[in-house]
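Number of protein chains: 4
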Amino acid sequence: MTLAFGRDHLAIPGPSILPSRVLRAMHRPAPNIYAGSLVDTTLSILADLNRLAGNSGQALIYIGNGHAGWEAALVNVLAPGERLLALDNGRFGRGWAGMATALGIEVQTLHATPGEPLDPARLEAALRDDTAHRIRAVSTVHSDTSSATTNDLAALRAAIDTAAHPALLLVDGICSFGCEPVDMDALGIDAYVTACQKGLMTPPGLAIVLIGERAANARGDAPRSPYWDWRPRLAPGMFPERFCGTPPTHHLFGLREALDMLFEEGPDRVMARHRALAGCVWAAVDAWSGAGELRVLVERREHRSVAVTAVRTRDGDAERLRDWCEREAGMTLGIGMALERIDRHGTATVLVPGSAQFRIGHMGHLNPPMLLGTLATIDAGLKALGIAHGDGALAAAASAVADAAGSAAVTAPNVTRD
Amino acid sequence: MTLAFGRDHLAIPGPSILPSRVLRAMHRPAPNIYAGSLVDTTLSILADLNRLAGNSGQALIYIGNGHAGWEAALVNVLAPGERLLALDNGRFGRGWAGMATALGIEVQTLHATPGEPLDPARLEAALRDDTAHRIRAVSTVHSDTSSATTNDLAALRAAIDTAAHPALLLVDGICSFGCEPVDMDALGIDAYVTACQKGLMTPPGLAIVLIGERAANARGDAPRSPYWDWRPRLAPGMFPERFCGTPPTHHLFGLREALDMLFEEGPDRVMARHRALAGCVWAAVDAWSGAGELRVLVERREHRSVAVTAVRTRDGDAERLRDWCEREAGMTLGIGMALERIDRHGTATVLVPGSAQFRIGHMGHLNPPMLLGTLATIDAGLKALGIAHGDGALAAAASAVADAAGSAAVTAPNVTRD
Amino acid sequence: MTLAFGRDHLAIPGPSILPSRVLRAMHRPAPNIYAGSLVDTTLSILADLNRLAGNSGQALIYIGNGHAGWEAALVNVLAPGERLLALDNGRFGRGWAGMATALGIEVQTLHATPGEPLDPARLEAALRDDTAHRIRAVSTVHSDTSSATTNDLAALRAAIDTAAHPALLLVDGICSFGCEPVDMDALGIDAYVTACQKGLMTPPGLAIVLIGERAANARGDAPRSPYWDWRPRLAPGMFPERFCGTPPTHHLFGLREALDMLFEEGPDRVMARHRALAGCVWAAVDAWSGAGELRVLVERREHRSVAVTAVRTRDGDAERLRDWCEREAGMTLGIGMALERIDRHGTATVLVPGSAQFRIGHMGHLNPPMLLGTLATIDAGLKALGIAHGDGALAAAASAVADAAGSAAVTAPNVTRD
Amino acid sequence: MTLAFGRDHLAIPGPSILPSRVLRAMHRPAPNIYAGSLVDTTLSILADLNRLAGNSGQALIYIGNGHAGWEAALVNVLAPGERLLALDNGRFGRGWAGMATALGIEVQTLHATPGEPLDPARLEAALRDDTAHRIRAVSTVHSDTSSATTNDLAALRAAIDTAAHPALLLVDGICSFGCEPVDMDALGIDAYVTACQKGLMTPPGLAIVLIGERAANARGDAPRSPYWDWRPRLAPGMFPERFCGTPPTHHLFGLREALDMLFEEGPDRVMARHRALAGCVWAAVDAWSGAGELRVLVERREHRSVAVTAVRTRDGDAERLRDWCEREAGMTLGIGMALERIDRHGTATVLVPGSAQFRIGHMGHLNPPMLLGTLATIDAGLKALGIAHGDGALAAAASAVADAAGSAAVTAPNVTRD
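Protein chains in written order, with the working numbering: chain H, 1 to 418; chain G, 1 to 418; chain X, 1 to 418; chain Y, 1 to 418.
It is possible that some hints are incorrect.
If chains are identical, the list can't say which one is meant, so a pair holds when it fits in one copy or spans any two.
To be verified - SDA-like, lysine to any residue: derived pairs with alpha carbons at most 20 Å apart:
(1) K383 - L46
(2) K383 - W282
(3) K383 - D403
(4) K383 - S355
(5) K383 - R327
(6) K383 - R214
(7) K383 - G279
(8) K383 - G316
(9) K383 - E299
(10) K383 - A276
(11) K383 - G104
(12) K383 - E293
(13) K383 - G292
(14) K383 - E319
(15) K383 - S289
(16) K383 - G290
(17) K383 - G57
If you are wondering where the hints come from, they were derived from the structure by calculation, not from laboratory data.
Could you build all of it, start to finish, from the sequences and the hints given here?
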């Protein structure tokens with residue numbers, strides 16, 4: 001007998017669970033796209049995205065997904081033939097690098113071991129080696145969604161500074177934005193790419209690119225793809241030029257509402273809530289790891305994303321568990337993505353097959369009944385399938401919630417949720 | 001710090017959590033109310049309500065809440081001065097009796113101890129005592145929402161039959177319909193009152209009254225309140241007469257969708273799912289009862305509602321816990337309602353104050369991540385507040401889910417949920 | 001070929017067209033019904049209903065439709081056997097009187113000719129005749145939806161005052177509330193009944209009863225139907241007692257939003273808009289009346305409702321036209337209701353069969369493209385069906401809009417519509 | 001006094017009015033993006049888009065707007081340096097050509113006089129001149145949204161065939177798809193670009209590119225922008241590769257519903273409805289042209305788009321009228337876009353300033369009350385502003401509706417609209 005008939009529960013690392021408020025805000029008639037409230041709404045969104053990212057520069061919204069944001073940033077910053085130093089922590093860091101290669105950019109890659117951040121010393125060394133300053137930009141993910149690893153952006157920034165290298169810093173914050181703090185100005189991030197469907201709690205469809213002055217002018221007046229070209233978007237004649245054509249009306253309604261929610265809660269509280277709930281996941285997995293083979297893929301807490309956790313299993317168990325949760329309990333866990341180690345010769349070895357890993361998304365619109373429900377359903381699945389696991393995971397998770405709620409560093413705001 | 005910012009989670013015994021499908025079905029333009037699809041929709045709803053209740057008689061929908069349904073049934077079955085034998089298992093059984101008194105009906109009440117069903121032998125005795133057959137009808141709740149107690153309808157029916165008494169049987173299925181099976185024809189239920197906001201997963205606003213032939217004609221042509229009078233509703237000239245005026249258009253859209261969901265899953269599976277999830281709640285509370293004062297209010301499993309569970313606590317703990325869950329975790333538990341014992345002289349003594357009890361609703365659109373999330377959040381609250389409780393509650397609940405899902409007596413249907 | 005595939009357009013006298021904002025407000029999760037924002041929302045609604053009606057007394061909301069509101073007012077004001085003087089302008093005035101009779105109230109009726117208001121002199125005479133002051137209350141519609149006639153409430157009030165009669169004044173404002181101004185205090189209205197699905201732009205499901213001090217206490221402590229009894233609703237212990245049980249959560253969300261819209265536009269502007277748009281309808285029908293048999297049923301402008309217009313046709317044409325509009329153009333007109341003249345002997349003669357009349361609703365959420373679209377579609381139907389009609393109706397309607405918009409007595413507010 | 005408080009009425013040439021069904025379909029929880037129903041939904045959409053376009057080739061959906069579709073088609077068909085022969089009928093034909101230039105494609109343009117289609121003889125001549133077959137592709141709009149002119153695709157196809165030139169034919173059907181029939185296979189269209197927010201009745205956010213075999217392989221294995229590259233999208237490994245990353249989940253839900261509506265009505269009936277309603281607009285404007293300066297910009301009916309009509313006015317009147325309609329009546333008309341004539345030296349002269357033109361969108365979800373309401377509101381605005389115009393426009397439009405509905409060539413389907 002399946003018990004799945006209730007709310008389908010999505011616990012994947014994006015798209016994340018959509019607040020009722022956001023869906024409601026999107027359920028409205030088509031607006032005028034040349035004048036009126038859509039214009040004000042858009043400008044307020046751009047301002048709030050910058051505010052959330054600590055960016056004193058400019059903000060762009062592309063109709064597209066995260067990959068669109070990647071391409072937009074690359075096309076406007078790097079000409080074919082110019083060199084990008086790409087940091088790789090998993091499938092997404094590597095994917096961005098691959099996109100650059102396809103665009104004719106010359107790519108040099110530093111591969112981290114999956115589950116570990118990129119060692120800043122390696123970045124510093126690579127930049128020092130580039131005495132001719134041929135490297136025009138460094139790209140990195142903040143958190144890699146596939147391995148659930150987080151890089152230390154401040155340390156990477158420091159490495160660039162220490163190397164006294166003029167490379168631009170391009171950051172993929174797709175997985176982390178709205179979950180993990182970022183301060184573009186303080187970190188000297190020149191271009192920051194994100195998307196609306198994770199921490200920003202909006203259905204997929206918008207890529208967001210936040211830029212500083214250096215990135216804005218990186219390619220001067222060089223011709224480039226009109227769709228990605230950010231120059232007319234930043235200095236539009238008619239309003240639709242901000243979007244190279246018809247604006248994404250309903251996504252703008254949704255994103256406006258999501259940002260309202262975020263600022264009503266307060267960005268600091270949002271980030272603290274993500275950290276607390278991530279701790280709750282880790283407490284559970286640590287308890288499960290007491291017997292059998294489950295464990296958090298990223299060993300050290302400070303290297304873990306607060307938005308997604310990858311859980312190692314015996315090969316095959318991850319898939320069985322995901323199937324059980326979906327079929328019997330109405331809950332969808334994130335698929336495992338194969339993680340490879342790449343040696344100095346560029347040879348790839350699979351370190352963790354996709355079938356030996358699953359991921360729990362814990363980003364965005366999330367509170368204890370939702371997250372504890374996820375963990376408890378996994379626990380039920382482990383029991384139903386006879387997958388060996390340590391005891392006490394749920395009590396540990398509940399204790400983590402109790403401790404976090406009790407710590408009360410920040411006063412609760414009085415706002416409407418739903 | 002509050003962690004409440006996610007989906008507000010409602011774990012009260014109605015209104016229950018609304019499926020997205022139901023809300024979506026209600027989000028539509030106003031329809032023609034004299035002809036067209038609304039008429040067909042309504043007729044199909046009435047047929048499906050009867051099907052779900054095993055009623056070969058007629059179905060009525062009143063714009064109103066459960067209390068409206070109570071009054072509709074009373075007004076059409078009993079004239080002022082006629083006698084009702086009312087069974088009382090808590091606030092709702094007693095409330096219905098009180099309504100009858102206010103309507104001028106003569107009421108004789110049998111009070112059960114809160115947390116226990118009414119002893120069928122007492123019903124039989126009372127009916128046997130009524131040699132003049134002055135008792136025109138017997139009223140009872142199926143499950144009482146305040147005490148979470150369930151009566152054994154078959155045993156009550158048998159008592160009436162054994163007493164060879166012609167009284168009509170009126171049943172309040174507000175808390176149980178769609179959760180616990182009922183077969184009106186087999187049980188000889190003459191009038192069955194329910195509402196749309198619990199097992200039927202629709203926002204409050206509709207009272208449902210299902211009747212058999214005897215109830216339909218109980219008062220013959222006697223005049224009565226036009227709004228409650230079911231005669232024109234059962235034989236309408238123009239369609240709106242089914243509702244004594246403008247029909248509840250959007251609630252009909254919603255209820256149609258909810259019934260579609262229920263029949264897509266299959267009523268047997270729906271009832272089995274409720275029983276399984278109730279077992280999961282009881283497993284958790286039983287574990288908590290290992291230390292401290294928490295325990296299921298209704299002692300014996302066969303006396304418990306599968307739709308709601310009342311949990312006894314030390315006086316005051318229930319309120320502290322409810323507050324914590326709402327404020328810190330975004331979850332609303334059901335309030336405790338004071339339960340009284342009434343002696344043979346009619347003197348009431350509070351047996352369980354409202355502050356020493358809380359209720360967990362587990363009715364309607366519910367699956368493991370939702371229910372386990374509820375239980376785990378309560379567990380976190382107990383820990384945060386230092387309320388003594390036994391260990392292992394969540395593991396027990398997860399095991400109960402694992403066992404129920406694994407039992408697989410019924411093949412899972414392949415339908416769309418959300 | 002049908003051209004109907006677009007928005008279904010409802011031009012009936014209620015339920016009226018629902019604003020997107022209202023439907024959106026109703027599309028949300030089930031709330032806590034004992035505490036929290038639902039309580040505040042409800043209290044604010046009650047206050048705003050009173051404000052809109054100029055009532056310094058109290059406001060009640062019943063889950064029900066307009067007929068429920070009728071019964072609630074009668075049950076709380078009049079005991080069986082007491083006398084009501086009922087004014088009849090059509091099916092609804094008469095319907096309310098019929099309900100009183102069924103409730104055991106002694107009813108004396110003054111019948112107006114359909115299409116005419118009740119002559120205040122007749123009311124005055126009837127009250128003067130009642131030297132014993134046996135008449136406890138006078139009931140009247142403000143506007144009768146079936147005949148689209150409006151009574152002059154101030155003149156009726158003056159008649160009661162001139163007769164120096166203590167009868168309570170009960171008014172049915174179901175068709176007029178939110179369209180036509182009413183000032184309960186100034187008019188000495190003791191109980192005012194309305195519903196949410198017309199000028200209040202909310203799906204059907206709520207009856208509203210606004211009362212003054214005299215009505216509140218009219219029956220003292222006399223027992224009455226618990227569902228209608230307004231005493232516990234006005235002095236609730238727990239919040240749900242305001243609704244005699246579970247509150248109509250989603251309708252409250254919707255009505256709150258509708259009232260927000262109404263106050264954002266401004267009640268004066270709302271009323272002026274209705275008057276202007278009604279004038280636009282009349283201009284069109286007057287032009288059609290230049291040839292053939294179409295004409296506004298109510299002859300004199302000051303006797304016409306601003307919320308609905310009944311249009312006389314040759315017998316049968318009304319039905320053909322309604323069918324054509326629905327089938328070919330996706331537009332639903334209001335059905336005609338047979339209107340009868342009742343002579344002094346109580347003998348009824350059909351004055352206007354339902355098939356010789358249709359009605360255009362022009363209440364609530366309505367602006368020129370909607371209303372002119374209605375009129376132009378009727379015009380197309382007349383042409384398609386070869387129903388004789390005068391020329392220039394649409395130009396006349398457009399001119400009426402041009403003139404009204406141009407008159408600009410009131411400055412336009414800057415608010416969000418949709 | 002403004003009368004605008006009702007449904008905001010959008011009469012612009014896209015985004016078009018959204019059906020309730022479409023918005024409702026989009027109001028749902030986030031789905032699994034790797035497996036399950038989203039995959040089937042997407043495949044069914046792709047098949048139905050091809051079916052609607054008469055394409056036996058392949059279909060692609062890009063997250064983007066119409067401009068994104070333009071770029072996708074160009075990038076996959078033409079390498080930098082290759083030659084495109086671009087036909088220009090207004091801002092959009094010219095815009096596509098400009099995009100090609102920016103992408104490094106060599107562009108040769110044939111400029112039509114605004115308001116006229118491109119003479120096929122000029123296309124034939126240009127292709128004959130290209131004896132070396134340097135022209136790799138011909139691009140044209142089907143209908144240009146700015147001038148509301150339609151090209152005769154069959155004649156253009158014939159011109160290419162007559163010239164026996166191997167150029168690929170690229171067509172922009174953004175304004176026409178779902179309104180005007182197209183048969184890609186029969187017309188030999190190699191790539192057809194459209195978007196979801198006009199005839200497809202879905203909020204903006206999806207570009208659609210339908211291609212045949214020759215276009216699919218036009219650039220062989222040449223590297224290109226990964227986001228636009230259609231090769232991995234046509235042969236995806238994991239499902240998200242169809243969208244180069246996260247799929248546009250909610251837009252897919254919406255588009256699926258819109259296509260359901262379109263096929264329920266029947267594509268032939270949809271196209272016939274658009275033609276009939278366009279005729280209704282033209283009848284009104286022709287009547288207005290009886291006095292003053294209003295007239296349809298495109299002189300000959302066979303050159304007019306059935307989805308949008310541009311109306312010439314005295315300079316300045318267009319803007320005054322648009323302002324009045326928006327402010328006083330809640331209706332938004334399409335802005336005028338300046339139309340230029342370009343001589344053989346490439347010198348542009350403004351033929352129609354934007355301020356001397358407005359546009360009426362009549363595409364998608366549209367029926368008589370909506371369209372006649374638009375025309376009647378314009379008529380009211382002309383009167384209010386004292387803009388000279390001929391009489392009888394609305395009667396003429398109503399007659400056109402009466403005639404079209406009466407012609408009844410196609411039997412009406414019995415389906416749900418809203």
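Tested hints:
{"no.": "1", "hint": "K383 - L46", "result": "neither (47 Å within a copy, 41 Å between copies)"}
{"no.": "2", "hint": "K383 - W282", "result": "both (19 Å within a copy, 18 Å between copies)"}
{"no.": "3", "hint": "K383 - D403", "result": "between (27 Å within a copy, 8 Å between copies)"}
{"no.": "4", "hint": "K383 - S355", "result": "within (19 Å within a copy, 36 Å between copies)"}
{"no.": "5", "hint": "K383 - R327", "result": "within (15 Å within a copy, 32 Å between copies)"}
{"no.": "6", "hint": "K383 - R214", "result": "neither (55 Å within a copy, 52 Å between copies)"}
{"no.": "7", "hint": "K383 - G279", "result": "between (23 Å within a copy, 16 Å between copies)"}
{"no.": "8", "hint": "K383 - G316", "result": "within (16 Å within a copy, 36 Å between copies)"}
{"no.": "9", "hint": "K383 - E299", "result": "neither (25 Å within a copy, 28 Å between copies)"}
{"no.": "10", "hint": "K383 - A276", "result": "between (26 Å within a copy, 16 Å between copies)"}
{"no.": "11", "hint": "K383 - G104", "result": "neither (51 Å within a copy, 58 Å between copies)"}
{"no.": "12", "hint": "K383 - E293", "result": "within (14 Å within a copy, 29 Å between copies)"}
{"no.": "13", "hint": "K383 - G292", "result": "within (12 Å within a copy, 28 Å between copies)"}
{"no.": "14", "hint": "K383 - E319", "result": "within (15 Å within a copy, 34 Å between copies)"}
{"no.": "15", "hint": "K383 - S289", "result": "within (14 Å within a copy, 23 Å between copies)"}
{"no.": "16", "hint": "K383 - G290", "result": "within (15 Å within a copy, 22 Å between copies)"}
{"no.": "17", "hint": "K383 - G57", "result": "neither (52 Å within a copy, 46 Å between copies)"}
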